[in-house]
Each structure stands twice: as C-alpha cells, then as structure tokens.
Amino acid sequence: MAWRRKTDSDQSFDEELQTHLAMLADRFLRQGMSPTEARNAALRQFGNTTLLKEVRREMSASMHWENLSRDIRFGLRALKRSPGFTTAAVLLLLLGIGANTAIFSVLDALLLRTLPVREPHELALLHLIPSTKNVQFPLGTVIPREFLGADPGFPYPLYEALRDSNTVFSDLVADFKILPLDFSLRGSSEAPLQVRVDPVSGNYFSTLGVRPILGRLMTAEDNKVVGSGGPQGAVAVISYRFWQRRFTLDPGVVGRLIQLNGQPFTIVGVSPPRFDGEYVGTPADIWVPIVMLPTLSPGVHLENVGFTLIGRLKPGITRQQAESAMQFFIHQNPGAAAFFQFTLSMFGIGVKDGSQGVSSLRAQFSPVLLIVMSAVGLVLLIACANLATLLLARAAARRREISVRLSIGAGRGHVIRQLLTESLLLASIGWIGGLLLARWGATLLVGVISGGASDVLTVGTDWRTLAFAMGIALLSGMLFGLAPALQATHVNLSSALNCPTGGVRAEALPGSTGIRTLVAAQIALSAVLLIGASLFARTSRNLEALDVGFNREHTLLIDFDLGNSGFRGAKLAELSDDFERRLRALPGVVATAATTGTPFGASLGGSPVQVPGYVPGPDESHFCAYNMVGPDFFQASGIPLLRGREFGPHDNSTGPLGVSNSSLRVAVVNEAFARKYFGGRDPVGQRFTMRKGSPTERQIEIVGMAKDAKYGSLREPTAPLIYLYNAQEVSSWRKLSIVVRFTGSSRYAAPLMAAIREVGRTNAGVRVASVETMKNLVDHSLLEEPMAMDLSTAASGLALLIVCIGVYGTMAYALARRTRELGIRTALGAKQSDIYRMVMRESLTTVFAGLLLGVPAALVVARLIASRFFGVGAVDPLSITATVLLITAVAAAASFVPAWRAGRVDPMVALRYE
Amino acid sequence: MALWTAHRRRAILSYGMSKGRRSEILQGTLDLMVLQTLNAMGPMHGFGIARRIEQVSEQVLQLNEGTLYTALMRLQQQGWIDAEWGASENNRRAKFYSLTRSGRKQLEREAENWQRISGVIGRLLSLAR
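Chains as they are written, first to last, in numbering that gives the first Met the number 0: chain A, 0 to 913; chain B, 0 to 128.
Check before you lean on any hint, since a few could be wrong.
Here are the simulated EDC-like cross-link-like pairs (lysine to aspartate or glutamate), alpha carbons at most 16 Å apart as the crow flies [unchecked claim]: (1) K94/B with D577/A; (2) K94/B with D9/A; (3) K94/B with E14/A.
Derived from the structure by calculation, the hints contain no laboratory data. On a predicted model such as this, the values are computed, not experimentally measured, just so you know.
Sequences are here, hints too, so could you generate the full structure?
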C-alpha cells in the first residue's frame, strides 16, 4: 500500500499517533502490565494505524491544493498497472483526436482563418455576379444566363476608374492571379526554378497594411513605368517563405538581381512571415508591379484580362453601402458604362467579405471535408464508447479497491474525481500525441487537396487548433470516463467487501447492461460509417467507370493562349493547320483536330435554334450549345459516330457536298440533341435553323450523330450539342484548342506532351497555355469523391477494428466473470456446442440491436448528403447488406475466441474459481 | 493477523447497529461528541479526548481510538477545529485541538438537531412499547 511519497505532514501525523499509543501504553503499564503487554494492548485499543494513515492521506488529498498532482500521480500509477488497457486507450485516442484535429486544422486554414493583415474585417472583395436573366446585345445577340460562365474578373481600366473616383473605399488594390514563372538569379547558370508570381498594383502592401521584415515593399511609384523602380529592371518583393526556401534567410537578399521568365527584376524587400498573399491555397513567392504583366506574359494586356479587386472600406461603411455605391457609380458614369458595356451588361458588381482572401479550394473542398470530419468524429465517438466499455469492465475489477476507499471516508465525489483523473490523463496523452499526429496528417491532407503540393496552405498549430484538440480530448475524457466512474462508485459496500476475492457473482455483474449498450452503440455508429463509406466508394467507382464518351487514355488536349496576337478568323485557321501538320509529324500521333469547346476546359458557344416540328415550352431556352471542330475531331477525341458521317473535304467551305447554298451548313449532333428535338428518331438528313433572323442566320443539315460526351460535370446529364464544321465558319474563329490522339502506351503521353510544348515555342505571339491528357482533366474534376471515399473507408476500417476489439473484450470479460456458471453448466451436462451457441447468441443479440439502430440512422445520414452520391441512392440495398454482413462476421469472429475458451472450461477449475 | 485486521477494519467501517453489548458509534455522533468535549474542556490532545469520552460514556460506547482521528481530521477539514503542537502533562510533544468559532456554531446546530431527533426516537420507541 506504500504508493505514496511520505510527506512532512505524514510524519507529523505518525508522531501524533505514536504519542497517543505511548500514552495508552503508559496507562496500561500503570495498571500493572509488562511493557510488551502494555504496548500490544495499546495497539489493540487504538486499532490499525496503517489503515488510519491511508484514510488520512485520502482525506487530506481532497483538502490540499496538491491533491491534483496526487491524483495524477496515483492515476499514472494505476495506468501503469494495466499496460494493455493503457496502450489500447492511448492508441485509440491518439488516432481519434489526431485525425479530427488534422481535418480541423485544414478546415481552419480554409474557412476560419483571416488574412494576416491589418484589420482584415475592413477588407472587401469586389466580384462580378452573372446576370440572372438572358443578356440581349444591341446587335441582336442573346446570351442565355447559363452560358455566362463564372466571374471573369475586372478589366484594368475599370479598376482605375473605380479606384480614383469612389467614395466608399479608402483604397482599392488590383491583383492578377498567380502566374507560374521561371525564376533564376541574374548571371547564374543554375536551372530555373518554378515560382508563383503575383502581379499587384503599387498600393497593394500599403492598403493591406503589411510591413516589410527586410528592405521595403512596393509603392505606387514602382508601378508607373514598365521595367523601372529597381536599379536594374522592375522591383520585386519576395515572401518570407521564399526567402527561407531559396535564400536561407540571407539578409543580403535585398538588391539581388533576378530574372523572371528572362525579364530582369531587383529584389527590394521581404514580406513578413505568414503573409503570402490573399489567394488561400496558392501562396505567392514573389510580387511584381502589375505593369510588368504584359512583359511577363506575352499576349496579355491589362485591358483584356480580369483582375481581382480588394478594397479597404472607409470607417463606418458597410459592404451593402459599398455595393450600392459601386453600382451607382457605374450607371452614373456614362464613360465607364459605355466602355464596359460588354462586361457590365452580363454581370452586376457585388461586394463581399474579403477578410479571408480568395480561395478556390474553399468552395471545392469544404463540404467534403466537413463530411469526412463527421466520419472521423464518429470514429472518435466509437473509440470513446469502446474505452468506456473497457473502463466499465476495469471498474468492476477494481470494485473492491473502490469500496474500501469509499467506506473509509473518501467521498464519492473524490473517488469519481480520481477515476476521472485517470480518464483525463489518458485524454491529455491523446491530446498531445494527437496534435503531433495532426500536424503530419494535415500536411498530407493539404497535399491531397492541392494535387501534390503540401506547402500551399499553412496549417500550423494555431490557438484554434490547439483549443479544438483540447476540447475534443477533454470531451472524450469526460465521455468515456464519467459513466464508468459513476457506475463504479455506486456500490453496495458490505456486499463488495464481504466477497473475499473481490470477485463478483455472475448475476450481480455490474454494468453488464451498460457494457452491452455501449457495444451496441459502437456497432450502430460503425454501421453508419460503413454504409456511408460504401456509398462513397460506389459513387467514386460509378464516376470513374462512367462512360465519358471520349477516349481518356490516348487523348491529349492543347490549349492556346492567343492573347492579343491578332490571330483570328482565317489567320487562326492557317496557324491551326500549320500547327496540326507539325504535330502529326511527331511519332505516335494518329489524328489531330482543332476545336473551340473542350471537355472540362473552355466553355462552349451557344445559339438559338429552331427545329421544324419542335415547339419549345414557354420557359424553355431556345439556345443550344455548339462546338466548332475540325474534320478529324471524332477520330481524334475518340467520340464514336453512331450514324451518318464525319466532316470532310467534300463539305466545301459553304455547304454540304454538291449543294450550293450560301447559308446551308453541315452539322453532327449528339444523342441528347436527337432525343430532345427528334424524339430519338434518326436525325441524319434533317435540317434546322440557327440564329433565325440575325445576319448570321444559318440553315443546318445534320449529316451525322455522335455518342453523348461529357463536357462539364460528370454528374449532370449530357445536354444537347451541335458540332459545326469549323472550315465553314472560319470567320468566327476566336480561340483555339487542339485535340491530339496518339497510339502506344499511355506512358508515352509525358514525352509527347514535352514535344508538343517544344513545337509550341516556335510560334511567335501564340503560347501553348496547357497540354493535358484527357484522363487528367477528368480526374481533376473528380478530386473530392475519391478523397471522400479513401478517408471514409479508412475511418470505417478503423471503426471496424475498434468494434472488433470492443466485442472481443466485452465477451471475454463477461465470460471470464461467468466461469463458475459455465463450469456448473458443463458439470450438469452442457456440451461444448451448447456453450458456443449460448455465447454466440448473446453476442449476436447485441450486434443485431446495434444494427437495428445503426442502419436507420445511416439512412437518415445518407439522405442528408445524398447530393454527393452518384449513380446510387441514399437507400442502397447492396451497401446495407454488405455492411450488415461485414459487421456480423467481424463480431462473430471476435466472439469466437472467448466462446471457444469458455467451451473448454474445466468444470473442476471453474467451480473452485472465486 | 489478517483476521485481526479484517475485524478491526470492519469495526472502523461499520455504520449499522451492533447486536452486541457495547454499541458502536454512528459517524456523526462521534463528531458531535468531540465538538462537545472540546467545548466543555478547552484545547485537548487526542488521547485526552478519548479518555474524556470513555469516562463520560461509562464504557457503554465502544470507542476505537483510531476512529477518533478520522473524526478529528474530518472536523479539521471542515474548519470546525484547529490544531497546534504543544507539550502534554508528561512533557510529551502532542497536538492540541481547539474549537473554532464556526465549530462552536456547528456544535449549537448539531446539538439542537440531536435533541430533536433523540426526542423523536425516544417518543417512537416509547409508543412502540
């Protein structure tokens, strides 16, 4: 019992007792006893001093402030005494808390954190809101709202007008998107490093209120003349992280001459740590003056690209006031209105909160991360239920210890506190370990959502993450510790103490119902997780296996950046021909075709169509999307032609073969078009009208029907689409993409892409913006589902493991307590198989109770997130059956070992047990 | 030895009434006796308190002297008594307990309470007869 350090106070108490004993002994001596007799009599009259000292310690523990450290010391010792339980508990908590915190810290970085700037809540983000109506242009062109697309950003002249004559912002900054550029030190021969460069207006840093950690930041002066500001070339400000990464915090970095895409710049300063621009998820390495944009990115002019605008609201101005002021300004300023006619006729200006910057990851990943976090939260809950089970079992084993402590005067509250201290000790170990695990997990997760770069999001351990981890650790500690503690202290003292071995008879098994309830709860929660995970797995599989209509593996897509090179119409067609010819000379290339609209890329055009015999509904759009493609498009993209023929040289530049009609054109339509306009009849040979009544009215003859191919979201049904022959519409060529089909291994894609980029470099004024395999484009549109599947599968695997341990532990414990009963049964003639059956029946009853609760709960949850599933409903018999079978099998396996052991109980041993 | 300990322990732990000749003491009762003793006799050490109770109870109550210390600790914890080291009659170093002000108030309350309850019990027992 000597598990406590002796204190001064212990010694003084001992002295007091010795004095008392000595006085008693004196008294007996005086009554005529021998010294030994007197000493023994005194001891007898006084009672057990050791026990008394224990009681004193117990009591003083609740008296002194150091009782916490005593409780902790005692708790640690109690945990050390059962290393198996402690290891299991710590592992469970570590995983549970770690996983939750990891996801939380990513969500924190995406959703909760504000930019590290002065008064972030004063920042407002200007954005363009697509019109809710179809847009009518003066020349008769109508653009339906579904073709407007996303916010294109503000043209630079509009920015200047807004900046110079608004009354609501104390300052307004413009910021181009992050450019990936080649970085090198001037005069060095090192291989160029790819960096993220953000061209910003001169007032960028002063408006955000960011101060340099070294040198100076950019000023409005730097942003006036192209290539000025620094001693040589324009100025550049580097981020702290880049300073650390590239220059290892060398203070001599200010004044260094660098090159970005071959253009000279001079580093003038370093931004403070943690500040890396307002694009959350795409941190900037280097900021340069916005006037340098055309130099850095040939073909880009400040007038024809969109900028992000961030304003700092004047004191007392709300975002609503700013928004109406912006709209008022546009309409009251005829110059501005005329100049931005095109943009402003399609979009309205909106003002939203800018305190958290701009992030594309936020919208894409927040919902799925929240779902995954709920899944991981469930795992933690299961882990808590599991620990509660283990603690209940342990509490039963510690009943005698607890009874003794209760009866010798320790208050029930004190014992509960002591037991809770043990739980909370476990929880705090879980907290610290979980935080470490979370750091690693969060980095991994950022890598997943950003497509490989784990440094794009700072997921440091800030106070919110610390508090969150601590909160869930404490909550778990209370959750799994309180019920067992309450139950444990609720004992009948005399019965517990009278049972000499501390054993408890089977029928008086404490917490047996509690334990079963907890196991059933674990099974119910795992059922929810498993059903959810299998729905995500099926969704992911359905999306992956979905017939996108084109060949994913052997198709490349080249996007061109025409900028203001002046290539359009016939000139662009010529460029395309020339380029395609050179592409076809590359080994492995089978077919190439120019196209304007690209799957998962540039948007399609749209025009009103009139199909004879088809009467659209009153609210139905007359519009139909079209794509202008080259002759070999279907072969190059792998979209099968179901009927009719492809375009070819026989379709002359104005009409179909042999027909001389200046407005008759050929088209291939997709199945959705045939379904909608011809009710599924063969459309080949039919005619329809495009843009009726406008100067560009066209009569179209359908020459073929192609299989439906997905151009946008995989989840949405394919819309009707018209493929026009680009050779017949040369004058309207505005943009260019080329589809390339190659043969051989799909591994050949990489060298081919490099070769294509090389070919692209030789074209003056026109840049190859991107070369991608079709597979990558599709996969990139499918990032959330596989992630949800992977993470929820991992979560449910973990849950199953925990449940397995839980069922095994519970059954093993329950049967160990019933050894005597089993022995009697065996002695009375129960066969081994009877024992098996009994044990299995008991464990399966618990399992089915859990499933009965879990499956309906899972259905409710699945209905809540049904919009995220694809090709599978919220009620999916397959998922449910699989889950029920899996859980039953796991539970049966987990209870088999205890059952087998129970069946082998030797009745003689069992009867002597206890 | 083990038996002896178990016996003693049970003696300390028992709440119930004994069928034996000598009554065991209810926990709260001992507290009240200690308070009253200190009130009547002034500061005393544990041995003295034990003797006083023994003397007053005329051997009717079985007092396990160790138990007395649990009562003393309890009372000290509540702030009803204070303790101070001093010298005993035989010049032994002993701890002297004395009543605090809140202890005196507690004694008044408890005494009143005791009177009331013993009155009730007394009436009840006389009615039953």
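Structure-based check of all given hints:
1. K94/B with D577/A: Given pair K94/B, D577/A is violated - Cα atoms ~109 Å apart, limit 16 Å.
2. K94/B with D9/A: Holds, at about 14 Å.
3. K94/B with E14/A: Holds. K94/B to E14/A sits at ~9 Å (cutoff 16 Å).
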